[in-house]
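Colleague: Read off the chains here:
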Amino acid sequence: MVEETINSMDAADKAMPAPFLLTRIHARMNREREQATYWERAIGFLTKPIVAFPAIALVLIINFWMMHTASNEVADKMVFDNQVLINDGYSINTATSLFDIENKQQP
Amino acid sequence: MNQANINERINNGDTSVFTEIVELYQGMVYNAVLNIVQYEPDAEDITQEVFIEVYEKMDNFKGNAQLSTWIYRIAVNKALDFVKTKKRAKYGGLLKRVFSLREEEEPVSFYHPGASLDNKEKAAQLFKALKQLPQKQQLVFTLHKIEGLSYNEVAAILQMSVAAVEALMVRAKTGLKKILENYYLQQNGKK
Numbered sequence: 001m002v003e004e005t006i007n008s009m010d011a012a013d014k015a016m017p018a019p020f021l022l023t024r025i026h027a028r029m030n031r032e033r034e035q036a037t038y039w040e041r042a043i044g045f046l047t048k049p050i051v052a053f054p055a056i057a058l059v060l061i062i063n064f065w066m067m068h069t070a071s072n073e074v075a076d077k078m079v080f081d082n083q084v085l086i087n088d089g090y091s092i093n094t095a096t097s098l099f100d101i102e103n104k105q106q107p
Numbered sequence: 001m002n003q004a005n006i007n008e009r010i011n012n013g014d015t016s017v018f019t020e021i022v023e024l025y026q027g028m029v030y031n032a033v034l035n036i037v038q039y040e041p042d043a044e045d046i047t048q049e050v051f052i053e054v055y056e057k058m059d060n061f062k063g064n065a066q067l068s069t070w071i072y073r074i075a076v077n078k079a080l081d082f083v084k085t086k087k088r089a090k091y092g093g094l095l096k097r098v099f100s101l102r103e104e105e106e107p108v109s110f111y112h113p114g115a116s117l118d119n120k121e122k123a124a125q126l127f128k129a130l131k132q133l134p135q136k137q138q139l140v141f142t143l144h145k146i147e148g149l150s151y152n153e154v155a156a157i158l159q160m161s162v163a164a165v166e167a168l169m170v171r172a173k174t175g176l177k178k179i180l181e182n183y184y185l186q187q188n189g190k191k
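Taken in order, these protein sequences are the chains called R and H. The first sequence lines up with residues 1 to 107 when you count with our numbering. The second sequence lines up with residues 1 to 191 when you count with our numbering.
Don't read these hints as lab results, they were simulated from the structure. Being a predicted model, the structure only gives us computed values, none of them experimental. Wrong hints could be hidden among the right ones.
What the hints assert, rightly or not - If you want a taste of the chain R side facing chain H, the calculated C-beta under 8 Å gives, among others:
(1) Met1
(2) Glu4
(3) Ala11
(4) Pro17
(5) Ala18
(6) Leu21
(7) Ile25
(8) Glu73
(9) Val74
(10) Lys77
Beta carbons: idealized from backbone N, C-alpha and C, even for Gly.
Please take these sequences and the hints and turn them into a complete structure.
Modeller: This is how it looks when you write it as structure tokens:
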């Protein structure tokens, strides 16, 4: 039985691919070529100086604008934090409560 | 059309020879690929890829080797690459299952379309057992025993010595015998 199994393909016919293989190969080659040209065209467009330089400039402008905005925010926050520290350090109470109004100290 | 004629035309840069190459070698390529990947739709796909590569690399063919050997080599390499990729995809299937992507249905047994009716089941068992052999043994057995190539041709395709091919063939047969004996013992035990 084992030998028969090992030899089971001895008299087998050759399998054949479905008809019109050549047509399918040509169709596939055309498809792949079209796909390649699509990407080539996209890359070609993006690497054109008229597109590439403004794109780089735009990225740089956005980058500088973001940095500028971020540094302003940091500066504002530092001023506020310093004010709070001074107030706390010298016990300057800027808040006026109902207690202060009702119990005004006479000079 | 003979081999020398094709070689000459390729060397002369005649691309119209491609049509004749496809007509002449489609059966050979398809069979070699089918016996390795053991699934007809995949074999069809890879056969197309093989001929596309033949077309693209036709200029590189120097005629040092036989054209059939060169095409066989491309076919075997493509089929092996495919099997490797499929195995990897199978083991990496967790992600697919998590995202419930549809996995391709894989046939349980491979019934070779050329096998006679009496031998269909046995041939299916043979292909199942072949899958369990180390890759080189599997290749040598497929090319020599199933494809009917000589040891010299197999050696040229796989780029190894004839002695190595012979040794691999002996080991492949021994391995197959062991696998099939176990299988039939289990089958008899079930009955």
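Colleague: For each hint, tell me whether it holds in the structure or not.
Modeller: Hint by hint, here is what the structure shows:
1. Met1: It holds, given that the least Cβ distance between Met1 of chain R and chain H is near 6 Å, below 8 Å.
2. Glu4: 6 Å, holds
3. Ala11: Because about 6 Å separates Ala11 of chain R from the closest Cβ in chain H, which is inside the 8 Å limit, the hint holds.
4. Pro17: For Pro17 of chain R, the interface hint holds, since the closest Cβ of chain H sits about 4 Å away, which is under 8 Å.
5. Ala18: 6 Å, holds
6. Leu21: Holds. Min distance 5 Å.
7. Ile25: 5 Å, holds
8. Glu73: Violated. Min distance 40 Å.
9. Val74: Violated, because the Cβ-Cβ distance from Val74 of chain R to chain H comes to roughly 42 Å (cut-off 8 Å).
10. Lys77: 43 Å, violated
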